[in-house]
Structures are given as C-alpha cells and as structure tokens.
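Start from the sequences and build out the full structure, keeping to the hints where you can.
In case you want the letters, here they are:
Protein chains: 2
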Amino acid sequence: MGNSEGTERTDAQEEIMSATYEALCEHGYAALTVERIASELGKSTAAIHYHYETKDELLVAFLDYLLDGMNEWIDTKPDAEPRKRLAGLLDGLLPAEPHDRQFTVAMLEMRAQAPYNESFRAQFVERDERTRELLKTAIEDGADAGVFDGDADAGDAARSLMALVDGGWTRYVVLDDEAALTDARETAREYVESVLAA
Amino acid sequence: MGNSEGTERTDAQEEIMSATYEALCEHGYAALTVERIASELGKSTAAIHYHYETKDELLVAFLDYLLDGMNEWIDTKPDAEPRKRLAGLLDGLLPAEPHDRQFTVAMLEMRAQAPYNESFRAQFVERDERTRELLKTAIEDGADAGVFDGDADAGDAARSLMALVDGGWTRYVVLDDEAALTDARETAREYVESVLAA
DNA sequence: CCTACCGATCGGTAGG
DNA sequence: CCTACCGATCGGTAGG
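Keeping their order, the protein sequence lines are chains Y and Z. Residues in the first sequence are numbered consecutively from 21, following the working numbering. Residues in the second sequence are numbered consecutively from 21, following the working numbering.
Don't read these hints as lab results, they were simulated from the structure. Since we're looking at a predicted model, the values are computed, not measured. Wrong hints could be hidden among the right ones.
As the list makes no split between identical chains, a pair holds if one copy fits it or if it spans any two.
Simulated crosslink set (EDC-like; lysine to aspartate or glutamate; CA at most 20 angstroms straight-line) [as the list claims (entries may be wrong)]:
| id | residue 1 | residue 2 |
| --- | --- | --- |
| 1 | Lys-156 | Glu-210 |
| 2 | Lys-156 | Asp-197 |
| 3 | Lys-156 | Glu-213 |
| 4 | Lys-156 | Glu-206 |
Here it is in structure tokens:
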C-alpha cells in the first residue's frame with residue numbers, strides 16, 4: 021500500500037529520510053549502509069535503529085517517502101485540453117533535463133530489488149498504476165473530444181507509453197545515454213500521433 | 021570491448037562460469053558471493069581465486085560469457101523478407117515465454133550496476149549497438165523494398181524499438197507483470213505498422 | 001540518543 | 001587446488 025497520503029513522520033524521522041537520500045545519491049543503493057546514513061545524519065547508527073528497528077524497515081519507509089515526494093509535479097495541467105495534457109504528462113515522465121543522475125541510478129537499483137522485497141514491489145506497482153491511470157484518463161478524454169481514436173483501448177495505450185517511459189529511464193542509466201529520455205519522449209509523441217490520433 | 025568472438029576459456033573456467041550462473045539465478049546478484057559460487061562449483065573459494073584474482077574480474081568475465089551465449093538466437097532468419105525479419109527479431113527480443121525469470125531478474129540487477137562498473141557498461145553498450153544494428157538493417161532493407169517509409173530514420177526507429185524492448189523487460193521484472201513482454205511486443209508491432217509502414 | 005561491542009559474513013591470501 | 005585463516009565491514013544490541 022504505502023499510505024500514499026498522510027504518512028506521519030516526526031522531525032527526527034524526516035531528518036533520517038533526508039540523510040538516507042543523501043547517502044543513497046553519494047554511494048548508490050548497493051553500498052548504502054546504516055553507517056553511511058548515520059554519517060550523513062551526523063549521529064550514531066544506534067540513533068537510526070532507535071527510530072527504525074531494521075535496515076529493511078528504514079528502506080521501506082524511505083521508498084514511501086520518495087514516492088510521496090514525487091506525487092506533486094505529476095498532476096500539473098489537469099484542466100488543459102487532452103492532447104496538451106497528455107503531452108504535459110509525457111514531458112513530466114520523460115523530462116528534458118533529469119534532476120539528479122545519481123538519484124536516477126540508485127532508483128534503478130531499488131527497482132531491481134523489487135523481486136526480493138515485496139514492500140518495494142507493491143510500492144512500485146502502486147505508483148505505476150496511478151501514473152497509468154493519469155495517462156489513460158487523458159487518452160479517454162481525448163477520445164471523447166474526438167482528437168484520439170475512440171476504438172483504441174486507452175488502458176493498453178497507457179501501458180504502451182509506460183513501457184517507453186521505463187525503457188527510456190533504463191537506457192539512460194544503463195547505457196549512460198544522455199539522449200535516451202529525449203528519444204523515448206519523441207517515440208511516445210510519434211506513437212500518440214500515429215497510433216492514437218483520430 | 022568484451023572480445024565478442026573468441027574468448028578462450030579453459031574447462032575449469034567454463035565450469036566456474038556455469039557455477040556462477042547457477043548461483044546467480046539461485047541467490048540474485050546482490051547476494052552473489054564467491055562462497056556461493058564455490059559451493060555450486062563443489063570446490064573451495066580459493067579454487068576460484070586461483071582462476072580469477074578478484075571477484076570483479078570474475079564478474080566481468082561472467083558477463084562476457086553471458087552475452088556471448090546470447091548471440092546465437094539473435095541472427096535467426098537472416099534471409100527472410102524485411103518485414104518478417106523485423107518481426108522475428110522483435111519476437112526474439114521480447115519472447116512469448118521468457119526462459120528463466122530468476123535469470124532475468126538478476127540481469128536487471130547487473131544492468132543497474134553499469135554506472136558503477138565501466139566494464140559492465142561497455143559490454144551492455146556493445147550489445148545494445150549490435151542489436152540496434154540488426155534492427156536498423158532490417159528497417160533499411162524494408163525501406164529499400166518499399167514496405168517501410170523511406171523518409172524515416174532507420175537508426176532512430178531502431179532506438180525507439182529498443183526503448184520498448186528495455187521497457188518491457190524492466191516492467192516484467194519490477195512489476196512482476198507476466199504480460200509486460202507481450203504488451204511491449206504488441207506496441208512494437210503497432211509502431212512498425214503505424215509509424216514505419218510505407 | 002551515545003559508547004562500546006558482538007556475531008556473522010565478506011573477499012582474499014599464506015603455505016602447502 | 002585445499003585448509004586455515006586474516007582484516008574489514010556489516011547490521012544490530014546492551015547498558016546507560
């Protein structure tokens with residue numbers, strides 16, 4: 021689940037989440053240790069275990085913290101016309117200048133751990149579902165407005181676009197290809213115009 | 021580089037590679053230790069360090085071994101007509117029934133380590149380039165034959181298809197979505213028919 | 001929330 | 001290629 025809305029966090033917990041983020045970006049997920057988080061926090065490892073019993077519990081809370089923080093930008097332009105709204109969503113999902121490469125790299129590491137951590141997987145699935153729903157709604161509204169093909173399955177189209185989004189990020193990280201996000205965005209655009217357009 | 025063709029391996033080295041594969045599938049990349057490989061091999065860890073000085077050296081050799089082994093299926097149907105050849109390539113890249121999920125999971129873990137291991141990255145880049153070249157050639161031949169749009173950039177189209185391929189696999193692993201590969205294949209098909217078709 | 005520490009595990013090596 | 005072992009590092013805890 022991941023308690024999408026009101027995850028209560030004390031100030032101390034908030035500081036630990038922030039320190040975890042810094043340590044993650046600096047060392048990557050594989051080298052992320054309680055010691056390094058504590059160092060970033062400026063306290064002892066015991067201080068962390070006081071708030072989170074195990075490292076796994078901390079990491080699950082951390083992923084929740086991360087995905088919470090990502091839910092703000094995504095609801096931009098909810099009132100724009102469907103075609104523009106869909107384009108805006110894709111621009112947000114495949115940004116022209118990604119914020120922090122280190123972070124993106126670490127995110128793929130965390131994603132790759134999903135098969136070994138059911139809580140991780142559940143959170144990534146939930147986030148995927150929510151994102152796909154936004155795409156689907158924009159596509160459906162576009163079909164209602166006559167700009168997209170009404171016979172196309174909006175849910176399937178949303179899945180197709182998400183495959184391009186995930187592929188773009190994977191290639192950006194694995195191949196260290198700066199253009200991978202731009203390429204994926206352009207392909208998504210072609211897909212919308214050629215497959216989806218009425 | 022990765023010595024794509026004639027990587028010489030002794031029998032002992034071949035056995036270590038095979039044992040590494042088994043240990044990788046069983047425990048995943050993050051939990052892949054020299055000890056576990058040795059256990060799968062039925063020998064001591066010193067036996068492994070006799071053939072590979074460091075764990076990293078072993079892993080680089082192992083990735084080379086893996087990608088070597090993947091270069092066989094991919095050249096199927098080199099003589100078919102372009103449209104069929106492209107479809108065959110995509111079927112190979114996004115198979116209906118992937119062989120071993122555990123292995124696929126571990127491969128994403130290894131891909132996610134590319135930013136921390138230049139040898140890994142170089143091997144993934146090389147493999148990507150080779151695969152894209154196959155797609156590009158099929159698309160170009162299709163354009164020459166008049167079945168694909170001659171104005172489309174074949175290299176760009178190949179990149180687009182690779183984003184779908186990588187996205188499909190990432191989603192298959194991260195979301196544990198059995199249909200992710202089929203969905204990506206279908207989207208690739210739509211892309212070929214709607215964007216690429218003459 | 002700290003100091004001090006434990007048991008487990010890791011990659012790697014000496015000596016044969 | 002084995003036995004035996006080392007130094008480093010890990011997550012976690014006792015006791016305050």
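Status of the hints after comparison with the structure:
1. Proximity of Lys-156 to Glu-210 under the C-alpha cut-off of 20 angstroms is found in both arrangements, the shortest distances being 17 angstroms within a copy and 18 angstroms between copies.
2. Taking the closest pair of Cα atoms, Lys-156 and Asp-197 come within 20 angstroms of each other only across two copies (18 angstroms); inside a single copy the shortest separation is 29 angstroms, beyond that limit.
3. In this assembly of identical chains, Lys-156 and Glu-213 lie within 20 angstroms of each other by CA distance solely inside one copy; the values are 16 angstroms within and 22 angstroms between copies.
4. Proximity of Lys-156 to Glu-206 under the C-alpha cut-off of 20 angstroms is found in both arrangements, the shortest distances being 19 angstroms within a copy and 18 angstroms between copies.
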